[in-house]
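Let the sequences and hints guide you as you build the complete structure.
Residue 5 is where the sequence shown starts when you use the working numbering, and the numbers rise one by one after that.
Because the hints were derived from the structure by calculation, they are not lab data.
Owing to the predicted nature of the structure, the values given are computational and were not obtained by experimental measurement.
Just to be clear, a hint being listed does not mean it is correct.
[Said to hold, decoys possible] The calculated lysine-lysine pairs, modelled on PhoX-like cross-linking and capped at a C-alpha distance of 25 Å, are:
#, residue 1, residue 2
1, Lys169, Lys219
2, Lys233, Lys173
3, Lys219, Lys155
4, Lys98, Lys271
5, Lys233, Lys155
6, Lys173, Lys219
7, Lys219, Lys233
8, Lys169, Lys155
9, Lys155, Lys173
[As the list claims (entries may be wrong)] Label-pair distances were calculated between CB atoms; the ranges are:
#, residue 1, residue 2, range
10, Gln202, His261, 35 to 43 Å
11, Gly230, Arg163, 30 to 38 Å
12, Ser241, Trp141, 19 to 27 Å
13, Phe82, Ala244, 30 to 38 Å
14, Ser103, Trp141, 17 to 25 Å
15, Trp141, Ala288, 16 to 24 Å
16, Ser265, Gly210, 49 to 57 Å
17, Arg272, Phe82, 32 to 40 Å
18, Gln187, Arg291, 26 to 34 Å
19, Ser103, Arg291, 27 to 35 Å
20, Gln228, Gly101, 32 to 40 Å
21, Met109, Gly159, 37 to 45 Å
The beta carbon of each residue, even a glycine, is placed where N, CA and C say it ideally should be.
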Amino acid sequence: MHRRHLTLAGLAWFSGAHAAGHATLPPPAFGPGPASTPPATPAAPTTPAAAIASSGGAPSASLRLLSEEFPPINFTEFGQPRGLSVDIVQAIQKRLGQSLPIEFMPWARAFREAQDGPPAALFSMARIPEREKLFQWVGPIVTFQSTFYAKAGSGIRLRSLAEAKRAPKVLVVRDWYTLTQLQSAGFHNLQQISDPIQGVRMLAAGRAPLFAAEKLSMPQTLVQAGVDKDALEEVFSFAASEGYIAFSRSTPMGTIHAWQSQLNEMKRDGTFQALYRRWLPHDAPPR
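Right under this line is the structure:
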């Protein structure tokens, strides 16, 4: 995406002190279950769920499904899970003969709980190099676009990350992939916030010059924050990342293979593309 160069006013605005922010959350403790040996049983029926267990996958009751409020990708409406990734996860479960509940919680908590402990799947998560070894991956299911936003009429224009580094402050959501991307790029002017709604409101109120956020979710975030859609403007998109279903390292490989196999089949038979068109009609689905 091409953007205009910095205006003179924007260049003058970029002088100022840098503010550093970095937080690392420890993984929760995890204790193994009882190690008893059950008596021999007859051969299991050849159902999808049984196939997962026999191939080393976790029984359905032991897998937690975690998500966050991130419309239109995953969110709740009248207490029910909705969104693109929710439809994909539920379609995969149906093909596997499962019906597991989805737990919604703040992203930082979900990220912490999915990183270690009993088998769990967190969606949707951007697959970036810094996270590669922390999880097992099934996907891709969506493409995220990392984007800088400014208050409308501010005169701020960016054409590179180097220019954004000269901003007095950049808001970014704690534990989001955008935070990791910018920290890896050498940013020292980041202010971590709890959620995107807070970021939108702070930016609209002039409490920060830039907010590094995700483009797909921004329209819904503005609605949730009660901020007019014209109050902010996109000034620079700096990275695209594919979103996956991220499984904890403790999840058996049989489960990972079974989920990926069903997702691949959905892409072959057109089910995946149909779901994508429903939620993101103007975007091309990942392969």
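Quiz item: That 32 to 40 Å hint for glutamine 228 and glycine 101 (C-beta), does it hold up?
Solution: This hint holds: roughly 35 Å between Cβ atoms.
Quiz item: Is the gap between the beta carbons of glycine 230 and arginine 163 within 30 to 38 Å?
Solution: With Cβ atoms ~32 Å apart, the hint holds.
Practice problem: Indicate whether the distance between the beta carbons of glutamine 202 and histidine 261 respects the range 35 to 43 Å. | Solution: holds (39 Å)
Self-check item: Pairwise hint evaluation, lysine 219 against lysine 169, where the allowed Cα distance is 25 Å at most
Solution: With a Cα-Cα distance of about 20 Å, the restraint between lysine 169 and lysine 219 holds, given a limit of 25 Å.
Exercise. Kindly confirm whether 30 to 38 Å is satisfied by the beta carbon distance between phenylalanine 82 and alanine 244.
Key: holds (33 Å)
Quiz prompt | Distance restraint between lysine 233 and lysine 155, which requires alpha-carbon spacing of 25 Å or less | solution = The given pair, whose Cα atoms are some 11 Å apart, holds under the 25 Å limit.
Exercise. Compare the distance between the alpha carbons of lysine 155 and lysine 173 with 25 Å, and conclude whether the hinted pair is satisfied.
Key: holds (13 Å)
Quiz item: Taking the CB of arginine 272 and the CB of phenylalanine 82, does the distance hold inside 32 to 40 Å?
Solution: Once the Cβ atoms are compared, 34 Å apart, the range 32 to 40 Å for phenylalanine 82 and arginine 272 holds.
Quiz item: Falls inside 19 to 27 Å, the C-beta gap from serine 241 to tryptophan 141?
Solution: Cβ of serine 241 to Cβ of tryptophan 141: about 24 Å, so the range 19 to 27 Å holds.
Practice problem: Decide if the proposed pair is consistent with the structure: lysine 173 and lysine 219, CA atoms, cutoff 25 Å inclusive. | Solution: holds (20 Å)
Quiz item: Does the Cβ pair tryptophan 141, alanine 288 satisfy 16 to 24 Å?
Solution: Distance hint for tryptophan 141, alanine 288 holds at roughly 20 Å.
Quiz prompt | glutamine 187 versus arginine 291 beta-carbon gap, inside 26 to 34 Å or not | solution = Given a distance of about 29 Å, which is inside 26 to 34 Å, the answer is holds.
Hint violations for this structure: none, all hints satisfied.
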